[in-house]
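Listed in order, the protein sequences are those of chains A, B, C and D.
Sequential numbering from 446 applies to the first sequence in our numbering.
Sequential numbering from 446 applies to the second sequence in our numbering.
Sequential numbering from 446 applies to the third sequence in our numbering.
Sequential numbering from 446 applies to the fourth sequence in our numbering.
Be aware that a few hints might be false.
What the hints assert, rightly or not - What the simulated footprint calls covered on chain A by chain B, stretch by stretch (three residues with Cβ under 8 Å from a Cβ of chain B suffice, anywhere in the stretch; the number is not a length):
#	stretch
1	483-491
2	546-555
Claimed, not checked - Here are a few chain D residues that face chain C, going by a calculated C-beta distance under 8 Å:
#	residue
3	Asp600
4	Pro602
5	Thr606
6	Val623
7	Val625
8	Gly628
9	Asp642
10	Arg693
11	Pro702
Unchecked claim - A short list of chain C residues far from chain D (calculated; beta carbon distances all over 12 Å):
#	residue
12	Val477
13	Leu579
14	Ala640
15	Ala772
Note that these hints are calculated values from the structure, not bench results.
Just so you know, these numbers come straight off a predicted model, no measurement behind them.
Here a beta-carbon is modelled for each residue, glycine too, at the ideal position from N, C-alpha and C.
Single-letter residue listing:
4 protein chains.
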Amino acid sequence: MTTWLAGLEERARAVLPAPVLEYVAQGARESVSTAEAVASWSAFRFLPHVMRDVTDVDPGVELLGRRTELPWGVAPTTLQRVVHPDGELAMARATAAASGLLVVSSNAGTPFAEIGATGVRWWLQAYLPADRTLAEPMLAGAVEAGAEAVVLTVDTPVVGTKYAVGESIWATVDPALVRVNFGPGHEERPGADKATDLGPHDLDWLRESTGLPVVVKGVLRPDDARRCVDAGASAVWVSNHGGRQLDRAVPTAAALPDVVDAVGADAQVYVDGGVRSGLDVLAALASGADAVFLGRPPVWALAEGEAGVARLHAELLAETVEALRLAGCRRVADTRDLLAAPALPAT
Amino acid sequence: MTTWLAGLEERARAVLPAPVLEYVAQGARESVSTAEAVASWSAFRFLPHVMRDVTDVDPGVELLGRRTELPWGVAPTTLQRVVHPDGELAMARATAAASGLLVVSSNAGTPFAEIGATGVRWWLQAYLPADRTLAEPMLAGAVEAGAEAVVLTVDTPVVGTKYAVGESIWATVDPALVRVNFGPGHEERPGADKATDLGPHDLDWLRESTGLPVVVKGVLRPDDARRCVDAGASAVWVSNHGGRQLDRAVPTAAALPDVVDAVGADAQVYVDGGVRSGLDVLAALASGADAVFLGRPPVWALAEGEAGVARLHAELLAETVEALRLAGCRRVADTRDLLAAPALPAT
Amino acid sequence: MTTWLAGLEERARAVLPAPVLEYVAQGARESVSTAEAVASWSAFRFLPHVMRDVTDVDPGVELLGRRTELPWGVAPTTLQRVVHPDGELAMARATAAASGLLVVSSNAGTPFAEIGATGVRWWLQAYLPADRTLAEPMLAGAVEAGAEAVVLTVDTPVVGTKYAVGESIWATVDPALVRVNFGPGHEERPGADKATDLGPHDLDWLRESTGLPVVVKGVLRPDDARRCVDAGASAVWVSNHGGRQLDRAVPTAAALPDVVDAVGADAQVYVDGGVRSGLDVLAALASGADAVFLGRPPVWALAEGEAGVARLHAELLAETVEALRLAGCRRVADTRDLLAAPALPAT
Amino acid sequence: MTTWLAGLEERARAVLPAPVLEYVAQGARESVSTAEAVASWSAFRFLPHVMRDVTDVDPGVELLGRRTELPWGVAPTTLQRVVHPDGELAMARATAAASGLLVVSSNAGTPFAEIGATGVRWWLQAYLPADRTLAEPMLAGAVEAGAEAVVLTVDTPVVGTKYAVGESIWATVDPALVRVNFGPGHEERPGADKATDLGPHDLDWLRESTGLPVVVKGVLRPDDARRCVDAGASAVWVSNHGGRQLDRAVPTAAALPDVVDAVGADAQVYVDGGVRSGLDVLAALASGADAVFLGRPPVWALAEGEAGVARLHAELLAETVEALRLAGCRRVADTRDLLAAPALPAT
Ligand SMILES: Cc1cc2nc3c(=O)[nH]c(=O)nc-3n(C[C@H](O)[C@H](O)[C@H](O)COP(=O)(O)O)c2cc1C
Ligand SMILES: Cc1cc2nc3c(=O)[nH]c(=O)nc-3n(C[C@H](O)[C@H](O)[C@H](O)COP(=O)(O)O)c2cc1C
Ligand SMILES: Cc1cc2nc3c(=O)[nH]c(=O)nc-3n(C[C@H](O)[C@H](O)[C@H](O)COP(=O)(O)O)c2cc1C
Ligand SMILES: Cc1cc2nc3c(=O)[nH]c(=O)nc-3n(C[C@H](O)[C@H](O)[C@H](O)COP(=O)(O)O)c2cc1C
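Full structure from sequences and hints, please.
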């Protein structure tokens, strides 16, 4: 038997065209890191506590100083409107209903104002162009629409090569469904390409130009995490982009503990990649993450519309609460010494 | 060729209905811990002693100060009368004949008095309800029927989710075959649900209200073991409930040594989960357990009635004695340095 | 393509009856140690030396003070006359021609005098009976027939259980082909069973009653090795009896280094189990063995008669010499630091 | 989907006769080291840097003091003219066009002068004969034709045994396609066999008789690397000959770091074996190699002629540049701390 959660991708397969499915599933090159992500969380073993009062379990966390009811957020993903006509709006509504957090890609196909109007708590994810000033209107639009933070993705100076089977998604996508928060002709302007020279100064600039806290997404090294926090980042997001950038990048499950050691006292640390179940959530929290982000699962759930995303949050919450309870943890902070040492086979 | 012992589950398959078989075999969630239990004992390698006199080998052990002829006991399992009409009585008679120890589930389908009347040495396993006083009559009944200890199961604040294929056992079970040692209407009373707030104080209460030594079942962490012993437990039973509660819980084979280190000088330490052969018994004893408990094997054997359980004890004893002899060990205490270091692949 | 050496068992399959093949191949219980033996040598990786003069390579070794041209000997095996009518004599002649060493089982089907008459260098392997005096005539016969040492097998207080598929060899064997060096009716005498109380004193007794150096076969632990050497053993033979006694015993490849550390300065150390190729021989020598012994390969080769055994020695010698040369080693003593650390996955 | 690079061997399969394909692919004995080479690079995991300016990425390296645009060279391989009529000339032209480095086997089927005339930067690889003076004319010819260094292969005192399936290549090769840079009748002369007594003195002799820097190919041990450098080697080339000499030799990926530690401050260190992709190149550079060499891939590419080799360089360069960029490295020197520790499962 397979659970509703475990069947997400398979059900999406019945609904979505092949190029869309492939776009969502694919990893860079041989997809080693993509595949390993899922396996690396399930390699953790737990040492549950017993004889603790777990009558009331609270899975909620504080993210940048404000509480959400879910210990995960929705990671930014492009092409949500290609997956479902309601795209980011369905994602936003379902996430708002669950009192969760949504991170919206700057490639989104829905105007920020409409997303903000759903009442969801949201953060903007941004790629910066070579000419930073070209991003200013988009950033301003997000601020105006209520984004509470900016997530700067730093692992994508160029897009990692993927080996497409069959027709590429980009050959078929309706341009009206992508990057609608940029002015017309944006991509043709000189300097519109992704910046290849991001640096700590960009964090300053982002924070000052938006007035928002900055989260840096795509960090795997403790030294880089330190640089980010020293440059004013409020949080560091450990990610290898779902295995879509440098293949054979270390699993985030393996990278996380050193990043937490390096900056956990001074900033929040999030993690994404391969989280698929409540036990995975528990493993990530036990490894020291302040929260987890989900990339592909909400996209597959979106194939079933707002209801799909709502059910994703509900099912994962039920699994997570059961896992916390059986692990003898009343809240996320109680999970920190759950892992059997050594937690993970060296990679 | 397969041995009688190795063929236990397969033969049960020919006799028992599918939902019963599934109920016995299943683990929580993905059954990772259930599967790993068996593999983890067989991963141990031995460094046998030679040139020791092994003419007389004594496999017996002292359990809570009284000798049994077998270095294992029968772990508590629900639904024995569903597996075989003679249920707990067949289990008791065969175990008594082997001078072994039986642990009876508080969910048993046979009155304690009948079990006690077989003359078997037995312990009561209890789940405590939210309202502890509701358990008092059942506990008193067990004391009266000669239970020599109470085993408190602490790993089940809620029952771990299992994914049933086909009809669930609970849809078909005759209620007369379960929990007969509680008064009628017990489950409908407020406070009858399993307690979610067990704590050390419950050990005190149990010991005082029954006058029996208390064993805590379901401990995996050395710190919890310490808490139990400090609260007066006579023994700690390392168990992940056969993988039926928190999936991805550490194998008991991996958890055992640290628990022995933490409390072995002050209390007895037992272990269960995945023990299937004399070599598994040897590995568990060599890891420091004072005794081993068997969950599923006696249930499968029970499908062949009292004779099945008797043969289980006999076959396993023959294997264990041969293993001790070939390992150069005259008694259980001689097994302690048999394991090649590192004993177990880190998990 | 498979080599002549690698094809040994398969070719034997075409010649020998099933029960004989099974008798030779089988291990105790699940045959874990038997299977692992072969795998454990091939898990070693070499760090070959370069720019050393390997024009002349000498694979010979000194065994108990006398040189043999082969760095291995033939281990004792029962039922050689069942494998081939010429049995021990074919084994002896081929081994003599290669200037090798033969260890003859006390269960041999050929009179010691006939074996000695071939001119082969040979050692007697003995199991001692409960009543030691019953062994005296057999020991005296071996001394008279020129045995140069006694190998006492200490890992067999009882014979490890094997799971036979089909008819057991013992149901079919002609008793005239086994144990011909004992007087008639030997096995029926009281005290003729294998001793279960072997101890260091037996080494003394053996040495004194035969006047020969004593080798102890079946040692896996450094502490036991030490006891043997302190009791006067001239050599210790690291063996788990080809996996035929205690299953899940540590691979000899894993046990060897600690034994060499413990007694290598004071006595010779041999090893057997799973050696099948020149690279395996190299790995065993590099691990510190003074010589290697071969159990099953000579038996399979014997299915092809004296010529088979001769070819076994010749092929393995060619492989070993090539391996030594490519490893930059002129002699066995040069192999000691060839292994990449850590040499072997922990078991 | 498979990439052009990943499909190299398969496409060669459509063009080359079986014995040629087998000659190229084969490893010694069981081909363990050959197979493991590929797997060992892909076992590395990266900790990419972020927020570094990777606008301009320079993959070029200095080899013996002179810059090449590629961080790899073409390793010496015999029988190139059997693979393609243009043989070494096609290899040279394509490599020259890419501003790369070619190492030419002394077994080459093309006169050195013709190779030199292509303008390629090249080094001579030499096996020394027992009678060193027999090599002098060949060495002189190489010097005259512009070879910039001599690579002495030291892992081949004898050729490692391979198990050929079907007809051996040597039964079919036209002798005019091999070893054309030796005088006629060279192989029949006494002393023409490969030297089995190479030593440090040969490095002196080579350097003096050719006036060229000497590179030692086939080193796996740090102590040997040290001996080479102390004897005047300008570089040490970590290689197990593509697994074609001592099978079960350690993977070069495992051997490299210790060699770099031992001599990296005093000499260059190269590595070959199993490098098949840009990520493999990155792993080797990150492990401390000054450059990588490719054996089989250029041979398979040569089946498609000069264009094939040209495309090999171009595709691998694109992959390598992308890998460097995504790893946050502007140049090879930036790669040194990219590997997650422990980098490689112990072997
Ligand atoms: C289809 C898809 C589109 C993505 N688009 C973006 C994006 O626009 N911006 C971004 O920072 N990350 C993007 N990512 C990466 C995700 O934010 C996230 O890091 C990753 O998917 C996490 O791994 P998971 O999918 O295993 O949960 C995308 C991932 C996928 C699968
Ligand atoms: C069918 C079944 C029913 C069980 N019922 C109980 C129970 O009522 N009380 C309890 O403490 N443990 C119960 N357990 C857990 C066992 O006591 C024991 O911890 C576990 O089965 C040991 O693992 P093993 O089956 O691999 O030997 C049950 C296990 C099984 C398989
Ligand atoms: C068929 C067979 C018979 C054996 N008989 C004896 C024996 O009589 N005495 C003894 O000490 N060991 C005996 N052994 C064990 C061997 O001496 C040796 O320890 C073992 O076979 C080594 O492993 P290998 O077969 O993998 O080389 C026997 C082994 C086999 C396979
Ligand atoms: C077909 C073939 C021929 C080779 N001939 C030579 C040679 O003549 N001289 C030499 O030093 N190495 C020779 N080698 C070894 C290569 O130089 C190199 O060390 C090895 O191929 C590297 O491994 P790779 O093939 O996995 O890249 C040969 C290798 C192959 C595959």
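Have a go at the Gly628 of chain D hint: is there a Cβ in chain C nearer than 8 Å to its own Cβ?
25 Å, violated
Taking beta carbons only, do three or more residues of the stretch 483-491 of chain A come closer than 8 Å to chain B?
holds (count 4)
Please verify that hint: Val625 of chain D, Cβ, nearest Cβ of chain C, below 8 Å or not.
28 Å, violated
Beyond 12 Å from every Cβ of chain D: is that where the Cβ of Leu579 of chain C lies?
For Leu579 of chain C, whose nearest Cβ neighbour in chain D is about 47 Å away, the distance exceeds 12 Å, so it holds.
Can we trust that Ala772 of chain C is non-interface, i.e. its beta-carbon lies farther than 12 Å from all of chain D?
At about 6 Å from chain D, Ala772 of chain C fails to clear the 12 Å cut-off, so the statement is violated.
Interface hint outcome for Pro702 of chain D [beta carbon to chain C under 8 Å]:
12 Å, violated
Could you check if Thr606 of chain D really has its C-beta closer than 8 Å to a C-beta on chain C?
Interface hint status for Thr606 of chain D: holds (6 Å vs cutoff 8 Å).
Does Asp600 of chain D pass the interface check with chain C, least Cβ-Cβ distance below 8 Å?
6 Å, holds
Quick check on the hint: Asp642 of chain D CB to chain C CB, less than 8 Å?
Asp642 of chain D check passes; min Cβ-Cβ to chain C is 4 Å, inside 8 Å.
Let me know if the C-beta of Arg693 of chain D comes in closer than 8 Å to any C-beta of chain C, holds or violated.
This hint holds: Arg693 of chain D lies near chain C, its Cβ roughly 5 Å from the closest one there, short of 8 Å.
When you look at the beta carbon of Ala640 of chain C, is every beta carbon of chain D farther off than 12 Å?
41 Å, holds
Restraint: Val623 of chain D near chain C, CB-CB cut 8 Å. Satisfied or not?
23 Å, violated
Going down the numbered hints, you'll see the structure goes against 2, 6, 7, 8, 11, 15, while the others check out.
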